[in-house]
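The lines below spell out each chain.
Number of protein chains: 4
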Amino acid sequence: MRQVWSAPVRFAECDQGGVVFNAHYLAWAHEAVESWWAALGLPFAETGLDQRIKAAALEWRSSARYGDTVTVDAELDRMGSTSFTVALTVRVADRVCCVVRTTYVAVADGVPVPWPEQVRTLLQS
Amino acid sequence: MRQVWSAPVRFAECDQGGVVFNAHYLAWAHEAVESWWAALGLPFAETGLDQRIKAAALEWRSSARYGDTVTVDAELDRMGSTSFTVALTVRVADRVCCVVRTTYVAVADGVPVPWPEQVRTLLQS
Amino acid sequence: MRQVWSAPVRFAECDQGGVVFNAHYLAWAHEAVESWWAALGLPFAETGLDQRIKAAALEWRSSARYGDTVTVDAELDRMGSTSFTVALTVRVADRVCCVVRTTYVAVADGVPVPWPEQVRTLLQS
Amino acid sequence: MRQVWSAPVRFAECDQGGVVFNAHYLAWAHEAVESWWAALGLPFAETGLDQRIKAAALEWRSSARYGDTVTVDAELDRMGSTSFTVALTVRVADRVCCVVRTTYVAVADGVPVPWPEQVRTLLQS
Chain A
1 MRQVWSAPVR
11 FAECDQGGVV
21 FNAHYLAWAH
31 EAVESWWAAL
41 GLPFAETGLD
51 QRIKAAALEW
61 RSSARYGDTV
71 TVDAELDRMG
81 STSFTVALTV
91 RVADRVCCVV
101 RTTYVAVADG
111 VPVPWPEQVR
121 TLLQS
Chain B
1 MRQVWSAPVR
11 FAECDQGGVV
21 FNAHYLAWAH
31 EAVESWWAAL
41 GLPFAETGLD
51 QRIKAAALEW
61 RSSARYGDTV
71 TVDAELDRMG
81 STSFTVALTV
91 RVADRVCCVV
101 RTTYVAVADG
111 VPVPWPEQVR
121 TLLQS
Chain C
1 MRQVWSAPVR
11 FAECDQGGVV
21 FNAHYLAWAH
31 EAVESWWAAL
41 GLPFAETGLD
51 QRIKAAALEW
61 RSSARYGDTV
71 TVDAELDRMG
81 STSFTVALTV
91 RVADRVCCVV
101 RTTYVAVADG
111 VPVPWPEQVR
121 TLLQS
Chain D
1 MRQVWSAPVR
11 FAECDQGGVV
21 FNAHYLAWAH
31 EAVESWWAAL
41 GLPFAETGLD
51 QRIKAAALEW
61 RSSARYGDTV
71 TVDAELDRMG
81 STSFTVALTV
91 RVADRVCCVV
101 RTTYVAVADG
111 VPVPWPEQVR
121 TLLQS
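So the protein lines, in turn, are chains A, B, C and D. So in my numbering, spot 22 of the first sequence is number 22, and the numbers just go up one at a time. So in my numbering, spot 105 of the second sequence is number 105, and the numbers just go up one at a time. So in my numbering, spot 108 of the third sequence is number 108, and the numbers just go up one at a time. So in my numbering, spot 43 of the fourth sequence is number 43, and the numbers just go up one at a time.
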């Protein structure tokens, strides 16, 4: 597991209950996953593949608030033949706020295809 | 299952791939669930309980785009003692775009409590 | 002036002060302007022109809140040779919340061009 | 003029034209202004005053895109007796994307009041 993204909570991300609205965790997850892929050197552009989100699962354990800075750690959660799942842990300091799992499939010319061996190897590195 | 919410897709909800960005499905789910609760006559204010989202799971099947109008149907997916799960089906016309399942717990004075019988009965009505 | 758009305020649009966060008025303005142009029959696609926002000015008079439904009226505020400005009045019932003025220029192949006479005539109709 | 805020452009902030959607500039302005006030040591909490946005004016000069990092510089644009205006310049590297001017009034117990001398002095420092 490695930290791949961090940002101060924005005022507009907090709802009238004074906590981050749930949907923003998915937007953060996107930034974190892209950053993780860049750090792994995933050759998406080169392979001509699009990564498409197929599913997401979020479990909240505590709230983030305005004034907090969130960090996101990423690790591979499950590697299948045609899809893989990333586990992203969103924290404020040591406290876990939410675990987001996002599942991606590969698409070439609009058609789902298996992830190439090169991508599978890098994701498991 | 009943239709509880509908809205035209907004320009700012679409990303540079020309489709609705994933996080907006969670924001739509919130509006749809609130509308469903209101239609059921759920007495949240009266019971002094807060409904708190505990988990969400989303599965995408197709994309919504600018110019589309989405509809959301709601039904009870699972009734537990301390939590319940709602299944929300987001469609453009007859085509399913995403199924969102959101799980709620009851909180009174910051402490999780069982859902009252009255709420459980209404949810299963 | 004619009503061109309306929507219930969304929960995620309200900040921890319990009122709609300022940036959402610009997103509403976009939807309202697009709707106004469609109602006028503006032939953007046919002319091959892109309308590009150049400036926006917002003045708030009162707040919109969760539970409110906002309406937006549109009218031409100023017609120049290369730009025009739309005035959008956002209300909750009869109460004005915000007046948004947005200014657009025409762009063809990335270069600013005058608005065609046909567009100028329709905007002033 | 001093740099008060910076952030990578987020994927969900870009629209299907491939550029940052206009409303996000206002959300960035909020973060930048709050950061500027904190840097100046503005005693909002101590004075019991709320700062309320009254007006905003935005002028776009170029686009920001996914992959860019934006910076925001702040300076006092105009100091009135009951309101002040901040000029925020959003750039990608040396290129100006947008100048945002936001005007704030002071509110105490829901009623507009003059800005205290202490605040006026700090803003002009």
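For the record, the hints were derived by calculation from the structure and aren't laboratory data. Do not rely on the hints blindly, as some may be mistaken.
These stretches of chain C come out as covered by chain D in the derived footprint (C-beta under 8 angstroms, 3 or more residues) [unchecked claim]:
no.: 1; region: 17 to 23
no.: 2; region: 26 to 40
no.: 3; region: 58 to 66
Some chain D residues well away from chain C (every beta-carbon gap over 12 angstroms; in silico) [what the hints assert, rightly or not]:
no.: 4; residue: P8
no.: 5; residue: A39
no.: 6; residue: D68
no.: 7; residue: R95
Here a beta-carbon is modelled for each residue, glycine too, at the ideal position from N, C-alpha and C.
Inset, instruction - Return the numbers of the hints above that this structure violates; sort them in rising order. - result: none
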